[in-house]
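Asks: Quick note, the sequences are listed as chains A and B, same order. Under my numbering, residues 1 to 111 are what the first sequence spells out, in order. Under my numbering, residues 1 to 115 are what the second sequence spells out, in order.
To be clear, the hints were calculated from the coordinates, so they are not data collected in a lab. A few of these clues could be false.
Said to hold, decoys possible - Not close to chain A: a few residues of chain B, all C-beta gaps over 10 Å, as computed: (1) Ile-9; (2) Ser-14; (3) Glu-15; (4) Leu-19; (5) Gly-59; (6) Ile-60; (7) Lys-61; (8) Arg-77; (9) Trp-83; (10) Asp-85; (11) Arg-107; (12) Gly-108; (13) Val-113; (14) His-114; (15) Pro-115.
Unchecked claim - When the alpha-carbon atoms are kept at most 30 Å apart in a straight line, the in silico BS3-like pairs for lysine-lysine are as follows: (16) A:Lys-55 to A:Lys-13; (17) B:Lys-49 to A:Lys-57; (18) A:Lys-3 to A:Lys-57; (19) A:Lys-55 to A:Lys-70; (20) B:Lys-68 to A:Lys-71; (21) A:Lys-13 to B:Lys-49; (22) B:Lys-49 to A:Lys-55; (23) A:Lys-3 to A:Lys-18; (24) A:Lys-18 to A:Lys-53; (25) A:Lys-3 to B:Lys-49; (26) A:Lys-3 to A:Lys-13; (27) A:Lys-3 to A:Lys-55; (28) A:Lys-55 to A:Lys-18; (29) A:Lys-53 to A:Lys-3; (30) A:Lys-53 to A:Lys-70.
For each residue, glycine too, the CB sits at the ideal point set by N, CA and C.
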Amino acid sequence: DVKVTQSSRYLVKRTGEKVFLECVQDMDHENMFWYRQDPGLGLRLIYFSYDVKMKEKGDIPEGYSVSREKKERFSLILESASTNQTSMYLCASSTDFYEQYFGPGTRLTVT
Amino acid sequence: AQSVTQPDIHITVSEGASLELRCNYSYGATPYLFWYVQSPGQGLQLLLKYFSGDTLVQGIKGFEAEFKRSQSSFNLRKPSVHWSDAAEYFCAVGAPAGGSYIPTFGRGTSLIVHP
Numbered sequence: 001d002v003k004v005t006q007s008s009r010y011l012v013k014r015t016g017e018k019v020f021l022e023c024v025q026d027m028d029h030e031n032m033f034w035y036r037q038d039p040g041l042g043l044r045l046i047y048f049s050y051d052v053k054m055k056e057k058g059d060i061p062e063g064y065s066v067s068r069e070k071k072e073r074f075s076l077i078l079e080s081a082s083t084n085q086t087s088m089y090l091c092a093s094s095t096d097f098y099e100q101y102f103g104p105g106t107r108l109t110v111t
Numbered sequence: 001a002q003s004v005t006q007p008d009i010h011i012t013v014s015e016g017a018s019l020e021l022r023c024n025y026s027y028g029a030t031p032y033l034f035w036y037v038q039s040p041g042q043g044l045q046l047l048l049k050y051f052s053g054d055t056l057v058q059g060i061k062g063f064e065a066e067f068k069r070s071q072s073s074f075n076l077r078k079p080s081v082h083w084s085d086a087a088e089y090f091c092a093v094g095a096p097a098g099g100s101y102i103p104t105f106g107r108g109t110s111l112i113v114h115p
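Next comes chain B alone, as it looks inside the complex (with noise of 0.2 Å):
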């Protein structure tokens, strides 16, 4: 089965600073990939996906993120924090070839911005 681990519970920036939050996965082969934003008090949002092709890919709000097989990593990075991206970031994996076809979710990352 697939496995997804978030090594950073908290993350702290500066507002104008760049920004790289972790993903790692295990799977024996190429998974999809996702990022999900949630805001306090709110359900959680795509910020992108991955399921082939370009191993960089770009989503909303200006997150990108790249898919590094040899490091079985999907890092989601922006080149400039904002206050409102403070929130907490899940990292999720599917397994699109055999087993269990429910994305895993990573159990977050809270990120805090200062100003």
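This is chain A alone, in the form it adopts within the complex (with noise of 0.2 Å):
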């Protein structure tokens, strides 16, 4: 079974720290993503990455960087957290760019 792990379940920061959430993959899949899901918006696509040290952004990637130097790791930083960032983030790993298989979703809290 493919397994998409993420670093945290819940993380808790502060206003204007800077923020890394990791996610790891173990089945080779060259195409990784990350979104964040909140209430009646669904899941908001923010960068997304076909290859290793390739990145392409999404439909909301304002606020946000990726960083995927290992074809397993595939990391998004928040360079200094504001409050609208509080979300669910999603990571997603597919062979292809349409069947994704989804890590268990970090929330984010930032006060």
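Hints are included, so try docking the two chains, each in its own frame, into the full complex.
Replies: Next up, the structure:
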């Protein structure tokens, strides 16, 4: 079974802090994604990566950056966390761009 | 670009009753279609997918979905709902020809199951 793990299930950070969310997949997938999920808004794509060191902006990249130094790991970085970034963050991976495998999510609260 | 609509924000059913969750898509050709389920506090799990061929697709947990090109729909069904089916359900569409290759997700339908 494909396994996608995220470094934290719950995280509480202060405004202005730099925040790292880590995602690791164990099935050698080329593609990895970061979404945020908010009530009533569904999933919104922040960034995705189709290869090591490659990244593309999604629908809402502002305030975020990503890093993919190794194929299995995709990190989401909040350079200076703000309260409007309080959300559930979901990581996913796929062998193609369609069928995605999701991690359990990180619920981030910024105070 | 493709889009997907889930018209129902919440659906309430009694345990043992049948279920149908609606999904409508917009795309100029035959899309790739998916249903995912998200249990409380969890990530999304793929229930089933449609790429081509038989328009009635069987998935996990006793779910099925039917692709209807004439109605641009891909509705999810289950003949008898169990309390453990209470969750958020997301329909997604992928565009295989041109445009974005990233799936677009609907806003989700929350399923509530009464005992």
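Asks: Determine for every hint whether it applies to the structure shown.
Replies: Do the hints match the structure? See the list:
At the 10 Å boundary, the C-beta of Ile-9 of chain B falls inside the reach of chain A, the nearest C-beta of that chain being 8 Å off. Residue-level check passed: Ser-14 of chain B sits 25 Å from the nearest beta carbon of chain A, beyond 10 Å. Remark: the non-interface label on Glu-15 of chain B is consistent with the geometry, its nearest Cβ contact in chain A lying 25 Å away (cut-off 10 Å). The beta carbon of Leu-19 of chain B is kept farther than 10 Å from every beta carbon of chain A, the shortest such distance being approximately 20 Å.
Even its closest Cβ contact with chain A, about 12 Å, leaves Gly-59 of chain B beyond 10 Å, as expected for a residue assigned away from the interface. The non-interface label for Ile-60 of chain B is consistent with chain A: the shortest C-beta to C-beta separation is roughly 12 Å, beyond 10 Å. With a minimum CB-CB distance of about 16 Å to chain A, Lys-61 of chain B clears the 10 Å threshold, and the non-interface call stands. With a closest Cβ-Cβ approach of about 21 Å to chain A, Arg-77 of chain B is found to remain outside the 10 Å limit, as its non-interface label requires.
Every Cβ of chain A is farther than 10 Å from the Cβ of Trp-83 of chain B; the closest lies at roughly 22 Å, confirming the non-interface assignment. Remark: the non-interface label on Asp-85 of chain B is consistent with the geometry, its nearest Cβ contact in chain A lying 18 Å away (cut-off 10 Å). For Arg-107 of chain B, the non-interface assignment is contradicted: its Cβ lies about 4 Å from the closest Cβ of chain A, within the 10 Å cut-off. In this structure Gly-108 of chain B is not separated from chain A by more than 10 Å, as the shortest Cβ-Cβ distance comes to only about 5 Å.
The beta carbon of Val-113 of chain B is kept farther than 10 Å from every beta carbon of chain A, the shortest such distance being approximately 20 Å. For His-114 of chain B, the requirement that its beta carbon stay farther than 10 Å from each beta carbon of chain A is met, with the minimum near 22 Å. With a cut of 10 Å on Cβ distances, Pro-115 of chain B stays outside the contact zone with chain A, its closest approach being about 25 Å. Only pairs whose Cα atoms come within 30 Å are accepted, and Lys-55 of chain A paired with Lys-13 of chain A is accepted, the gap being roughly 26 Å.
Of the supplied pair hints, the one linking Lys-49 of chain B and Lys-57 of chain A holds, its CA atoms being roughly 26 Å apart against a limit of 30 Å. For a cut-off of 30 Å, the pair hint linking Lys-3 of chain A to Lys-57 of chain A stands: about 24 Å separates their Cα positions. A distance of roughly 13 Å separates the Cα atoms of Lys-55 of chain A and Lys-70 of chain A; the hinted pair therefore holds under the 30 Å criterion. Simply put, Lys-68 of chain B and Lys-71 of chain A have alpha-carbon atoms about 38 Å apart, too far for the 30 Å limit, and the pair is violated.
For the hint linking Lys-13 of chain A to Lys-49 of chain B, the alpha-carbon distance of about 38 Å lies beyond 30 Å, and the restraint is violated. With a CA separation close to 26 Å, the supplied pair Lys-49 of chain B and Lys-55 of chain A stays within the 30 Å bound. Under the criterion of a C-alpha separation no larger than 30 Å, the hint pairing Lys-3 of chain A with Lys-18 of chain A is consistent with the structure, at around 27 Å. As the CA atoms of Lys-18 of chain A and Lys-53 of chain A are separated by approximately 21 Å, the hinted pair is consistent with the 30 Å bound.
A C-alpha spacing of about 19 Å is found between Lys-3 of chain A and Lys-49 of chain B, which places the hinted pair at or below 30 Å, so the restraint holds. In summary, the hint linking Lys-3 of chain A to Lys-13 of chain A is supported, as the alpha carbons are separated by about 27 Å, within the 30 Å threshold. At most 30 Å may separate the alpha-carbon atoms for a hinted pair to count; Lys-3 of chain A and Lys-55 of chain A meet this at roughly 22 Å. With a C-alpha separation of about 20 Å, the suggested pair Lys-55 of chain A and Lys-18 of chain A falls inside the 30 Å cut-off, and the hint holds.
Of the supplied pair hints, the one linking Lys-53 of chain A and Lys-3 of chain A holds, its CA atoms being roughly 21 Å apart against a limit of 30 Å. Straight-line distance between C-alpha atoms of Lys-53 of chain A and Lys-70 of chain A comes to about 8 Å, which keeps the hinted pair within the 30 Å bound.
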